[in-house]
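*Asks:* Chain by chain, the residues:
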Amino acid sequence: MKELLELLEKNYTQSPEQMSIMLNMPAEKITALIEKFEKEQIIVKYQTIIDWEKAGVDNVTAVIEVKITPQREVGFDAIAERIYRYPEVRSVYLMSGSYDLSVTVEGTNLREVADFVSTKLSTIDGVVSTTTNFMLKKYKYAGVIINDQQEEHRLVVSP
Amino acid sequence: MTWADRISPTVKSIPPSGIRRFFDIAAEMKGVISLGVGEPDFVTPWHIRESCIYGLNRGQTSYTSNAGLLELREEIAKSLYNDYQVTYAPRTEILVTVGVSEGLDLAMRALLSPGDEVLIPEPCYVSYKSCVILAGGVAVTVPTKIENQFRITAAELENFVTPRTKVLLIGYPNNPTGAVMSQQDLSEIAKFATKHDLIVISDEIYSKLTYDGIHTCFSSLPDMMSRTIVLNGFSKAYAMTGWRIGYAAANPDFIAAMTKIHQYTMLSAPIMAQVAAIEALKRGEKNMKQMTAEYNQRRRLILNGFRQMGLDCFEPKGAFYLFPSIKSTDLTSLEFAEQLLHAEKVALVPGDAFGESGEGFVRCSYATSTANIKEALLRIGRFVSSVKKK
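Residue numbers (the working numbering), protein chains in the order written: chain A, 1 to 159; chain B, 1001 to 1390.
Just to be clear, a hint being listed does not mean it is correct.
Taking CB as the label site, the calculated pair distances span [what the hints assert, rightly or not]: (1) LYS138(A) x PHE1042(B): 43 to 51 angstroms; (2) LEU5(A) x ASP1223(B): 19 to 27 angstroms; (3) THR48(A) x LYS1282(B): 31 to 39 angstroms; (4) ILE124(A) x HIS1047(B): 40 to 48 angstroms; (5) SER1182(B) x GLY75(A): 55 to 63 angstroms; (6) GLU1285(B) x GLY143(A): 14 to 22 angstroms; (7) GLU1071(B) x GLY143(A): 40 to 48 angstroms; (8) GLU1071(B) x VAL74(A): 38 to 46 angstroms; (9) GLU1074(B) x LYS138(A): 20 to 28 angstroms.
These are calculated hints, taken from the structure and not from any lab test. Yeah, the Cβ is synthetic: ideal placement off N, Cα and C, and Gly gets one too.
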């Protein structure tokens, strides 16, 4: 089961037939397992990783350190939810350390992100402070090196 | 008298590697998918590379003792014990070599007198025979068969024993066939070795790439410890081919003799590679297992592909090679490989490069991406059906 999930995480576009051969598992079982994973939200979503810079689409990403006051009964969750519901928010993590939430926000330009932080994020009840860090370059994302041009160094034929 | 005339007759008697000729053709072509590569497609895991860089920063650029860094020998002894429950003394029973290639050469030169015979099951790695001949020995090849999954049996070996037989050289998991020998299979060979009082050299470079069952280290068999030279290294398991680092483990007398040759001809294995090898043994297991799992998936994919083409193919349980029979195409191995290369631009290695008994087979390495394997299968399938129609 772990092997199948790892294979899917690396590349979900392979056919169940091919995965069935690679994992030595009947194709019907793979299809059933995938359905089950989807239903149980073990597979949350299928996504691609796109190098937007190479595609010529400009955007700006900020990683914002957010300090919040936890609330009775719901702790950090309620405020986190108010933040992550915004579509411009790409990720939200609860952190240990000097701040509470790490929020990634994407916009088409600096002004858009700044507007979001000042008008939306920092005005939420319970948000004590924000520190906005703009991302300068993306080297690696979700375990994938973005500009990974490893040449083939091996000889074409070797013993 | 020309310069060529002055070359030693022994060297002249050895044919150049059959792979070389083929390489020259393939290297010139563009758009070739190669299943001909006998090394991992992974780059050495970063933590291993980084440890070497750190070593260089600290100025680790000197010779080491002839036998290799003691810390490395200790790690090797530990891993041999953990993996196979064999106990070797790091100070007297382990020698760090420049790959298994050097270990093999040292073992042959340390053991053979002119005319001594070495039994070598075939098909086998390209340098076995030549190493024996260069050391003054006589290579006696023993063919293995697809019907027996390219395993060697004591009965087959018996036919080739003479009073001059001194050494048995085996390499399992096998390059080029991908064959493995179970503990039971090897026990038969052990009995045979005892019966004829042979020294066994066991090249176990692909030991970590065993996909079905577990690898048995030859010296772990009862009474085999003292008569066996185990050769192993880091090239395949840790994707470290270019580092040229391996080791030999054997009784103190053999190791002392091999070290004597090594100290005069090599001095020591490069310290950079030794430092990296320590890191590989200490912290390389997770990456190694990931690579092995991926090879296993590709192994099933390529095996399935060849079987669907209708080629006779036994399931390889080790290394990263598939060795399908191409006899049904009525082509020789070389014809098959050359025509395939020109027609479909897929490079693989004709089986006879690994000895006469490899004729009728080709070696396909699956140390390449699944995308490459899929495309190669498509092309080979097209080629096979066009040949069979004729």
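*Asks:* Hint by hint, say whether it matches the structure.
*Replies:* These are the hints, each one checked on the structure:
1. LYS138(A) x PHE1042(B): 43 to 51 angstroms: violated (24 angstroms)
2. LEU5(A) x ASP1223(B): 19 to 27 angstroms: Hint violated: Cβ distance 46 angstroms, outside 19 to 27 angstroms.
3. THR48(A) x LYS1282(B): 31 to 39 angstroms: holds (37 angstroms)
4. ILE124(A) x HIS1047(B): 40 to 48 angstroms: holds (42 angstroms)
5. SER1182(B) x GLY75(A): 55 to 63 angstroms: holds (57 angstroms)
6. GLU1285(B) x GLY143(A): 14 to 22 angstroms: The hint (14 to 22 angstroms, Cβ to Cβ) holds, given that GLU1285(B) and GLY143(A) are roughly 19 angstroms apart.
7. GLU1071(B) x GLY143(A): 40 to 48 angstroms: With Cβ atoms ~32 angstroms apart, the hint is violated.
8. GLU1071(B) x VAL74(A): 38 to 46 angstroms: For VAL74(A) against GLU1071(B), whose Cβ atoms are near 54 angstroms apart, the range 38 to 46 angstroms is violated.
9. GLU1074(B) x LYS138(A): 20 to 28 angstroms: The hinted range 20 to 28 angstroms is violated for GLU1074(B) and LYS138(A), with Cβ atoms some 42 angstroms apart.
Hint check: violations occur at hints 1, 2, 7, 8 and 9; the rest are consistent with the structure.
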